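Enquirer: Given next are the chains, with one letter for each unit.
Protein chains: 2
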Amino acid sequence: MSSLTDVAKAAGVSIATVSRVISHPDKVAPHTQLAVRKAMKELGYQPNRVARRLRQRGGKRHLLGLIIPDIQNPFFAEIARGVEDVAYANQFAVMLCNSDENLEKESFYLDVMRAESVDGIILPPINDRDLAVTKIAESGIPIVTVDRSLSNSTIDKVEVDNRQGAFDAVAHLIKVGHRRIGLITSRVTISTGRDRKLGYEQALAANDIAVTPDYIRIGDYKQASGVTLADELLALPVPPTALFVANNLMAVGAIEAIHKRGLNIPRDVALIGFDDLPWADALDPPLTMVRQPAYEVGRAAAELLLKRLGNPNSPSAWLRLRPRLILRKSC
Amino acid sequence: MSSLTDVAKAAGVSIATVSRVISHPDKVAPHTQLAVRKAMKELGYQPNRVARRLRQRGGKRHLLGLIIPDIQNPFFAEIARGVEDVAYANQFAVMLCNSDENLEKESFYLDVMRAESVDGIILPPINDRDLAVTKIAESGIPIVTVDRSLSNSTIDKVEVDNRQGAFDAVAHLIKVGHRRIGLITSRVTISTGRDRKLGYEQALAANDIAVTPDYIRIGDYKQASGVTLADELLALPVPPTALFVANNLMAVGAIEAIHKRGLNIPRDVALIGFDDLPWADALDPPLTMVRQPAYEVGRAAAELLLKRLGNPNSPSAWLRLRPRLILRKSC
DNA sequence: TTGTACGCGTTATCAC
DNA sequence: GTGATAACGCGTACAA
Numbered sequence: 008m009s010s011l012t013d014v015a016k017a018a019g020v021s022i023a024t025v026s027r028v029i030s031h032p033d034k035v036a037p038h039t040q041l042a043v044r045k046a047m048k049e050l051g052y053q054p055n056r057v058a059r060r061l062r063q064r065g066g067k068r069h070l071l072g073l074i075i076p077d078i079q080n081p082f083f084a085e086i087a088r089g090v091e092d093v094a095y096a097n098q099f100a101v102m103l104c105n106s107d108e109n110l111e112k113e114s115f116y117l118d119v120m121r122a123e124s125v126d127g128i129i130l131p132p133i134n135d136r137d138l139a140v141t142k143i144a145e146s147g148i149p150i151v152t153v154d155r156s157l158s159n160s161t162i163d164k165v166e167v168d169n170r171q172g173a174f175d176a177v178a179h180l181i182k183v184g185h186r187r188i189g190l191i192t193s194r195v196t197i198s199t200g201r202d203r204k205l206g207y208e209q210a211l212a213a214n215d216i217a218v219t220p221d222y223i224r225i226g227d228y229k230q231a232s233g234v235t236l237a238d239e240l241l242a243l244p245v246p247p248t249a250l251f252v253a254n255n256l257m258a259v260g261a262i263e264a265i266h267k268r269g270l271n272i273p274r275d276v277a278l279i280g281f282d283d284l285p286w287a288d289a290l291d292p293p294l295t296m297v298r299q300p301a302y303e304v305g306r307a308a309a310e311l312l313l314k315r316l317g318n319p320n321s322p323s324a325w326l327r328l329r330p331r332l333i334l335r336k337s338c
Numbered sequence: 008m009s010s011l012t013d014v015a016k017a018a019g020v021s022i023a024t025v026s027r028v029i030s031h032p033d034k035v036a037p038h039t040q041l042a043v044r045k046a047m048k049e050l051g052y053q054p055n056r057v058a059r060r061l062r063q064r065g066g067k068r069h070l071l072g073l074i075i076p077d078i079q080n081p082f083f084a085e086i087a088r089g090v091e092d093v094a095y096a097n098q099f100a101v102m103l104c105n106s107d108e109n110l111e112k113e114s115f116y117l118d119v120m121r122a123e124s125v126d127g128i129i130l131p132p133i134n135d136r137d138l139a140v141t142k143i144a145e146s147g148i149p150i151v152t153v154d155r156s157l158s159n160s161t162i163d164k165v166e167v168d169n170r171q172g173a174f175d176a177v178a179h180l181i182k183v184g185h186r187r188i189g190l191i192t193s194r195v196t197i198s199t200g201r202d203r204k205l206g207y208e209q210a211l212a213a214n215d216i217a218v219t220p221d222y223i224r225i226g227d228y229k230q231a232s233g234v235t236l237a238d239e240l241l242a243l244p245v246p247p248t249a250l251f252v253a254n255n256l257m258a259v260g261a262i263e264a265i266h267k268r269g270l271n272i273p274r275d276v277a278l279i280g281f282d283d284l285p286w287a288d289a290l291d292p293p294l295t296m297v298r299q300p301a302y303e304v305g306r307a308a309a310e311l312l313l314k315r316l317g318n319p320n321s322p323s324a325w326l327r328l329r330p331r332l333i334l335r336k337s338c
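Which chain is which? The protein sequence lines are A and B, in order. Residue numbers for the first sequence follow the working numbering, beginning at 8 and rising by one. Residue numbers for the second sequence follow the working numbering, beginning at 8 and rising by one.
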């Protein structure tokens with residue numbers, strides 16, 4: 008409510024001095040500083056972030072943008088927490104939006120964020136050549152992609168070794184005796200789905216198992232598609248004995264589909280999911296999953312972005328984290 | 008990047024006219040309007056939301072604040088979606104923050120939101136006499152509380168009939184034969200925990216069952232406390248035969264604790280949770296829960312807030328939604 | 001060390 | 001119907 012002007016008046020100094028007390032305290036005489044701080048306290052002064060952002064040049068506006076496909080997916084929620092914790096620690100606020108895997112919505116929010124003068128944006132691109140993102144990046148706003156990445160791009164990124172994660176999962180399935188392994192993943196235009204499929208294929212190849220095209224299904228990372236696709240797989244004349252489902256929500260869907268058929272996990276069908284879930288242990292049965300360090304991804308991305316703000320011209324950074332297969336009871 | 012000035016220059020008019028084309032198109036001659044719109048398109052002009060917010064008075068700034076305890080709780084994530092969908096439909100952006108049930112953090116974010124000149128704020132207060140919230144409300148920023156509410160307050164609110172929900176759950180437990188029923192809820196300073204406890208007590212009373220103080224445990228709505236407290240309850244000399252756990256995460260924790268003791272749900276211990284979970288069907292066993300219409304809560308709150316912005320002096324609104332007991336297999 | 005004055009991109013109030 | 005111009009609250013050259 009009170010502004011610089013009010014504080015200046017109360018302290019008997021100019022607004023420039025008050026401003027300096029906030030931004031460059033070392034350039035103000037100690038006793039003046041004291042008087043100003045006293046006035047600020049008395050008036051309950053809070054700098055107006057909007058006015059400040061209007062004036063400030065990039066990197067000091069204390070606002071980050073975060074666009075994720077769906078906050079209801081625990082994986083993205085965990086990333087969001089990682090981002091927010093770093094932001095909070097640095098007095099940054101976060102503007103969070105859900106794109107719903109919808110290019111138009113993403114584009115709208117990207118515009119909003121530019122119009123809001125955010126210092127930078129963190130997001131998993133909707134597909135691997137997301138034009139809207141590329142354009143925004145070229146306009147000079149620092150971007151860090153997380154989870155998924157852009158092809159042929161020099162944008163900062165934090166990703167997880169999805170190929171390796173998938174490879175480990177499928178290799179484990181094979182080790183415990185399975186040879187007919189179904190895969191539920193995403194369209195290949197999403198880098199994560201593509202890489203997880205690659206890991207699946209490589210694990211089969213490494214064990215001299217031929218790929219059965221019919222065992223591969225393409226979903227949309229949502230629970231419902233997990234139900235449908237798992238059911239399709241199970242309805243095959245010669246169904247798989249194990250399923251590798253390349254995302255958390257679809258894995259839950261698969262559990263439901265399997266149960267609905269009266270089948271037992273892992274006796275009748277083994278199952279490994281991806282991304283992990285906070286309640287994986289309470290599922291029926293406790294679900295073996297490839298865990299991504301999602302919090303870490305968010306944290307690292309925010310730190311990368313903050314670093315980039317201080318160093319606009321440093322070479323682009325690329326972080327790759329390792330996933331981990333968490334053995335529980337579903338295979 | 009381009010501003011009103013650029014557009015004005017390109018269109019050969021003054022900035023005032025350009026501004027009018029955006030805000031009051033009816034006050035501009037059709038042909039001038041055309042020229043201006045053409046220039047805007049050519050320059051890819053996007054209004055600067057920051058500058059706009061600096062000038063605009065309340066209600067037209069197109070920014071909402073949302074502060075929730077924890078985005079990783081699916082219940083709050085669902086509320087957030089409800090809020091965001093309404094916001095998006097009205098071209099509002101949402102600034103989302105996590106308070107972690109921490110008064111200091113909440114207070115910080117409240118300040119940030121005021122400093123960001125949000126049009127209004129939606130939040131579940133951390134406790135029922137949350138001073139920081141009251142103060143912000145008195146300063147004139149429209150607030151809508153959701154889920155939890157403030158005592159003795161005239162602030163707009165959307166709540167759920169928690170007493171009724173708890174009553175239904177416990178009554179059902181009694182109906183299927185239980186008389187020793189444990190309760191895990193929150194501190195009474197949170198209205199939801201208090202009301203759910205009340206419903207529990209009323210259901211017992213209605214069936215002439217005395218309250219056993221030892222059967223009532225106070226948690227913090229997080230998974231870990233569900234594990235600990237359920238374990239304590241089960242370790243009692245005469246343990247309860249059924250548990251009513253007044254929140255989703257603690258219910259998941261309770262499942263884990265029960266399993267860890269090698270007990271079967273519902274044969275050895277029956278269980279009903281609260282809030283619901285998208286994965287309730289995939290849990291072991293599918294968990295009976297009192298479902299809150301969380302998306303609806305968020306939607307209604309955002310709509311209430313938007314309405315309030317247009318009508319600052321209308322009497323305060325108070326919405327109460329009904330929860331529903333969803334029977335699955337845990338009791 | 002401190003103060004004056006301008007500009008950030010808008011909106012709104014005047015005149016014309 | 002349109003154009004100057006004064007705010008909004010702040011940061012920062014530049015002057016003192």
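Simulated from the structure, these hints should not be mistaken for lab results. Treat the hints with care, as some may be off.
Same chains, same label: a pair holds when it works inside one copy or across any pair of copies.
As the list claims (entries may be wrong) - With a cut-off of at most 30 Å between alpha-carbon atoms, the simulated DSBU-like pairs for lysine-lysine come out as follows:
hint : residue 1 : residue 2
1    : LYS229    : LYS34
2    : LYS45     : LYS314
3    : LYS142    : LYS45
4    : LYS142    : LYS48
5    : LYS112    : LYS67
6    : LYS45     : LYS112
7    : LYS336    : LYS45
8    : LYS112    : LYS48
9    : LYS182    : LYS67
10   : LYS48     : LYS314
11   : LYS112    : LYS142
12   : LYS336    : LYS267
13   : LYS16     : LYS142
14   : LYS336    : LYS229
15   : LYS314    : LYS16
16   : LYS16     : LYS336
17   : LYS112    : LYS314
18   : LYS267    : LYS48
19   : LYS314    : LYS67
20   : LYS267    : LYS34
21   : LYS34     : LYS336
In this text the structure is predicted, and so the values were computed from the model without any measurement.
Enquirer: Now tell me, hint by hint, if it's right for this structure.
Expert: Hint check:
{"no.": "1", "hint": "LYS229 <-> LYS34", "verdict": "neither (56 Å within a copy, 47 Å between copies)"}
{"no.": "2", "hint": "LYS45 <-> LYS314", "verdict": "neither (34 Å within a copy, 40 Å between copies)"}
{"no.": "3", "hint": "LYS142 <-> LYS45", "verdict": "between (47 Å within a copy, 21 Å between copies)"}
{"no.": "4", "hint": "LYS142 <-> LYS48", "verdict": "between (44 Å within a copy, 16 Å between copies)"}
{"no.": "5", "hint": "LYS112 <-> LYS67", "verdict": "both (27 Å within a copy, 21 Å between copies)"}
{"no.": "6", "hint": "LYS45 <-> LYS112", "verdict": "between (47 Å within a copy, 24 Å between copies)"}
{"no.": "7", "hint": "LYS336 <-> LYS45", "verdict": "neither (62 Å within a copy, 63 Å between copies)"}
{"no.": "8", "hint": "LYS112 <-> LYS48", "verdict": "between (42 Å within a copy, 19 Å between copies)"}
{"no.": "9", "hint": "LYS182 <-> LYS67", "verdict": "neither (53 Å within a copy, 61 Å between copies)"}
{"no.": "10", "hint": "LYS48 <-> LYS314", "verdict": "neither (32 Å within a copy, 35 Å between copies)"}
{"no.": "11", "hint": "LYS112 <-> LYS142", "verdict": "within (15 Å within a copy, 35 Å between copies)"}
{"no.": "12", "hint": "LYS336 <-> LYS267", "verdict": "both (19 Å within a copy, 14 Å between copies)"}
{"no.": "13", "hint": "LYS16 <-> LYS142", "verdict": "between (46 Å within a copy, 25 Å between copies)"}
{"no.": "14", "hint": "LYS336 <-> LYS229", "verdict": "both (23 Å within a copy, 24 Å between copies)"}
{"no.": "15", "hint": "LYS314 <-> LYS16", "verdict": "neither (38 Å within a copy, 38 Å between copies)"}
{"no.": "16", "hint": "LYS16 <-> LYS336", "verdict": "neither (69 Å within a copy, 68 Å between copies)"}
{"no.": "17", "hint": "LYS112 <-> LYS314", "verdict": "both (28 Å within a copy, 24 Å between copies)"}
{"no.": "18", "hint": "LYS267 <-> LYS48", "verdict": "neither (64 Å within a copy, 54 Å between copies)"}
{"no.": "19", "hint": "LYS314 <-> LYS67", "verdict": "within (12 Å within a copy, 34 Å between copies)"}
{"no.": "20", "hint": "LYS267 <-> LYS34", "verdict": "neither (71 Å within a copy, 62 Å between copies)"}
{"no.": "21", "hint": "LYS34 <-> LYS336", "verdict": "neither (63 Å within a copy, 69 Å between copies)"}
Of the numbered hints listed earlier, those contradicted by the structure are 1, 2, 7, 9, 10, 15, 16, 18, 20, 21.
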